[in-house]
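Engineer: What follows is the residue order along each chain.
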Amino acid sequence: MEITTGWYLVLGALLFIIGGTGLLIRRNPLVMLMCVELMLNGVNLSFVAFSRTLGDVGGQTVVFFVLVVAAAEVVVGLGLVVAILRRQPGATADDLSLLKG
Amino acid sequence: MVDTLIFIVAAVICVTGALGVVLARNPVHSALMLVMTLFGIAVQFVAQEAHFLAAVQVIVYAGAIVVLFLFVIMLLGVDRAQNLEMSFLPIQKWAALLFAAGSLTIVVALIIMVGEPVTGAEAMGGALGGTEDARLLARSLFSDYVYAFELTSLLLVIAVIGAVVLVRKPKVADAVTAGDGGDG
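If you read the sequences in order, they're chains S and L.
My numbering applies: residue 1 is where the first sequence begins, and numbers increase by one.
My numbering applies: residue 1001 is where the second sequence begins, and numbers increase by one.
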């Protein structure tokens, strides 16, 4: 059995969907951020697979930018989590409904 | 044959880690499972001749982002096991599982249906091959994508300033409202 691009795409899709499902069912904001990282990694894998198949380095460049954006996202997200949990210890995503009308 | 074996082992590691992130009760275990997934992805990158990205993946993700997660978990003291009764709305869990099954079916069906997804178009940013991926990546980054590269520096500065502003304790507001907590 030879490993084609499709296998990498299926693995990337699997990681993306596991991450998305985790984002929907978990309530701990830290675990939700980790699930976002899982989704980003699934997409990165697809980009690298296409980059290799097409022989184009552009896909790897996009993965590089995704890494930078993920780092920025984690910094801001964890800042928000620290600010929220300092006010309201043990808060989950369901507790943050103050803006609900 | 070796390629197939490497792919299968790394894929199993990735998926096990991903399921661990979602299903672990303790956030520390989730973070460690995330490291497992990231190493599996790095192995897949090496298998596809993206050596530089594999190194960056390990350094940035496992070395910086996961450490940041663990640092915040320990700082906030939320490293106790949590009740895995996850959903607030009773329908939420089933809706999420339905979403997962449906989207997985659609995506896999599309990939199988399209079959060979390559169009045969010529590469624009320089052909890949061998062990020169770092040089090609740098050339692409500093020529075609140079404006995007400069914008990411702006993004990082904004993120750092935003994090400092978010986490700073508002001393003045505390004094005025007599320990009401300010606006965090």
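Hint data in this document are derived by calculation from the structure and do not stem from the laboratory.
Be aware that one or more of the hints could be misleading.
Stated by the list, open to error - Facing chain L, according to a computed beta carbon distance under 10 Å, are these residues of chain S, among others:
id : residue
1  : Glu-2
2  : Thr-5
3  : Leu-11
4  : Leu-14
5  : Val-31
6  : Leu-45
7  : Val-48
8  : Arg-52
9  : Gln-60
10 : Thr-61
11 : Phe-64
12 : Phe-65
13 : Ala-70
14 : Leu-99
Claimed, not checked - Simulated DEER-style distance windows between Cβ atoms:
id : chain 1 : residue 1 : chain 2 : residue 2 : range
15 : L       : Gly-1063  : S       : Leu-99    : 13 to 23 Å
16 : S       : Thr-4     : L       : Ser-1153  : 17 to 27 Å
17 : L       : Val-1165  : S       : Thr-4     : 45 to 55 Å
18 : L       : His-1051  : S       : Arg-87    : 40 to 50 Å
19 : S       : Ala-93    : L       : Gly-1162  : 39 to 49 Å
20 : L       : Ala-1134  : S       : Gln-88    : 43 to 53 Å
21 : L       : Ser-1143  : S       : Pro-89    : 10 to 20 Å
Note that the Cβ used here is the ideal one computed from N, Cα and C, for glycine as well.
Engineer: Mind checking the CB of S/Phe-65 against every CB in chain L and telling me if the closest is under 10 Å?
Structural biologist: Where the cut-off is 10 Å and the nearest Cβ of chain L is about 6 Å from S/Phe-65, the hint holds.
Engineer: Answer holds if the nearest beta-carbon of chain L is closer than 10 Å to that of S/Arg-52; otherwise answer violated.
Structural biologist: holds (4 Å)
Engineer: Between L/Gly-1063 and S/Leu-99, does the beta-carbon spacing fit 13 to 23 Å?
Structural biologist: Check failed, 36 Å falls outside 13 to 23 Å.
Engineer: Quick one: are L/His-1051 and S/Arg-87 within 40 to 50 Å, going by C-beta?
Structural biologist: At roughly 45 Å between Cβ atoms, S/Arg-87 and L/His-1051 fall inside 40 to 50 Å, so the hint holds.
Engineer: Given a cut of 10 Å on the nearest C-beta pair, is the interface hint for S/Thr-61 held or broken against chain L?
Structural biologist: holds (5 Å)
Engineer: Hey, does the S/Leu-11 contact hint survive, CB to chain L under 10 Å?
Structural biologist: holds (5 Å)
Engineer: Hint S/Phe-64 vs chain L: min CB-CB distance below 10 Å?
Structural biologist: holds (7 Å)
Engineer: Range hint 45 to 55 Å: satisfied by the CB atoms of L/Val-1165 and S/Thr-4?
Structural biologist: Since L/Val-1165 and S/Thr-4 have Cβ atoms about 48 Å apart, the given range 45 to 55 Å holds.
Engineer: Please test the hint of 43 to 53 Å on the beta carbon pair from L/Ala-1134 and S/Gln-88.
Structural biologist: holds (46 Å)
Engineer: Would the hint on S/Ala-70 stand, with a C-beta cut-off of 10 Å toward chain L?
Structural biologist: holds (7 Å)
Engineer: Does S/Leu-45 pass the interface check with chain L, least Cβ-Cβ distance below 10 Å?
Structural biologist: Hint on S/Leu-45: holds, closest Cβ of chain L at ~6 Å, below 10 Å.
Engineer: Hint S/Leu-14 vs chain L: min CB-CB distance below 10 Å?
Structural biologist: For S/Leu-14, the interface hint holds, since the closest Cβ of chain L sits about 6 Å away, which is under 10 Å.
Violated hints for the displayed structure, listed by number in ascending order: 14, 15, 16, 19, 21.
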